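**Student:** Take the sequences, apply the hints, and build the full model.
Just so it is clear: in the sequence shown, position 23 is 23 by the working numbering, and no numbers are missing.
No lab work stands behind these hints, which were simulated from the structure alone.
Predicted, not measured: the structure shown is a model, and the values here were computed from it.
Computed Cβ-Cβ distance ranges for the label pairs, DEER-style: (1) V55 with L21: 26 to 32 Å; (2) Y67 with E18: 17 to 23 Å; (3) F66 with K20: 22 to 28 Å; (4) Q45 with R24: 27 to 33 Å; (5) E31 with I53: 35 to 41 Å; (6) W16 with I62: 28 to 34 Å; (7) R57 with E29: 40 to 46 Å.
Derived DMTMM-like pairs (lysine to aspartate or glutamate); straight-line CA-CA distance at most 25 Å: (8) K42 with E29; (9) K42 with E31; (10) K42 with D28.
Note that the Cβ used here is the ideal one computed from N, Cα and C, for glycine as well.
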Amino acid sequence: NYILTLTIYEVGNALWRETKLLKRLTIDEAEEVMRAIITLIKFMQVIEPQDPIEVLRISNEIETTFYIRT
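**Tutor:** Next up, the structure:
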(Lines of atoms letter the chains of each structure in order from A and count residues from 1; the text may use other names and numbers.)
(Lines give C-alpha, C1' and ligand atoms only; values in the text may rest on other atoms or scores of the structure.)
Protein backbone atom coordinates (compact mmCIF):
# COMPACT_ATOMS: atom_id res chain seq x y z
CA ASN A 1 0.00 0.00 0.00
CA TYR A 2 1.28 3.42 -0.95
CA ILE A 3 0.52 6.95 0.16
CA LEU A 4 1.80 10.29 -1.12
CA THR A 5 3.72 12.60 1.19
CA LEU A 6 0.97 15.19 0.76
CA THR A 7 -1.84 12.91 1.89
CA ILE A 8 -1.64 13.68 5.61
CA TYR A 9 -1.92 17.41 4.83
CA GLU A 10 -4.91 16.80 2.55
CA VAL A 11 -6.61 14.81 5.31
CA GLY A 12 -5.81 17.56 7.81
CA ASN A 13 -7.29 20.21 5.51
CA ALA A 14 -10.42 18.12 4.97
CA LEU A 15 -10.85 17.66 8.72
CA TRP A 16 -10.31 21.37 9.30
CA ARG A 17 -12.98 22.14 6.69
CA GLU A 18 -15.40 19.69 8.32
CA THR A 19 -14.88 21.24 11.76
CA LYS A 20 -14.38 24.95 11.11
CA LEU A 21 -16.30 25.71 7.93
CA LEU A 22 -19.01 23.07 7.66
CA LYS A 23 -19.41 22.35 11.38
CA ARG A 24 -20.12 18.66 10.68
CA LEU A 25 -17.47 17.38 13.12
CA THR A 26 -16.34 18.47 16.53
CA ILE A 27 -12.63 18.98 17.07
CA ASP A 28 -12.63 15.82 19.22
CA GLU A 29 -14.15 13.81 16.36
CA ALA A 30 -11.66 15.26 13.89
CA GLU A 31 -8.76 14.40 16.20
CA GLU A 32 -10.07 10.84 16.52
CA VAL A 33 -10.17 10.50 12.74
CA MET A 34 -6.66 11.94 12.44
CA ARG A 35 -5.35 9.46 15.03
CA ALA A 36 -6.88 6.61 13.01
CA ILE A 37 -5.28 7.93 9.81
CA ILE A 38 -1.89 8.20 11.52
CA THR A 39 -2.23 4.58 12.65
CA LEU A 40 -3.05 3.47 9.10
CA ILE A 41 -0.14 5.40 7.61
CA LYS A 42 2.27 3.34 9.71
CA PHE A 43 1.37 0.35 7.51
CA MET A 44 1.90 2.19 4.23
CA GLN A 45 4.89 3.17 2.18
CA VAL A 46 5.19 6.93 1.71
CA ILE A 47 6.22 7.90 -1.81
CA GLU A 48 7.11 11.14 -3.55
CA PRO A 49 6.75 12.00 -7.22
CA GLN A 50 9.97 11.03 -8.99
CA ASP A 51 9.91 13.67 -11.70
CA PRO A 52 7.65 16.68 -11.04
CA ILE A 53 8.56 18.22 -14.42
CA GLU A 54 7.38 15.10 -16.23
CA VAL A 55 4.21 15.02 -14.12
CA LEU A 56 3.51 18.63 -15.07
CA ARG A 57 4.05 17.90 -18.76
CA ILE A 58 1.82 14.82 -18.78
CA SER A 59 -0.87 16.59 -16.74
CA ASN A 60 -1.03 19.33 -19.34
CA GLU A 61 -1.09 16.86 -22.22
CA ILE A 62 -3.99 14.84 -20.85
CA GLU A 63 -5.76 17.85 -19.33
CA THR A 64 -5.87 16.72 -15.73
CA THR A 65 -4.50 18.18 -12.53
CA PHE A 66 -0.92 17.79 -11.41
CA TYR A 67 -2.17 16.28 -8.17
CA ILE A 68 -3.97 13.41 -9.89
CA ARG A 69 -0.86 12.51 -11.91
CA THR A 70 1.43 12.25 -8.89
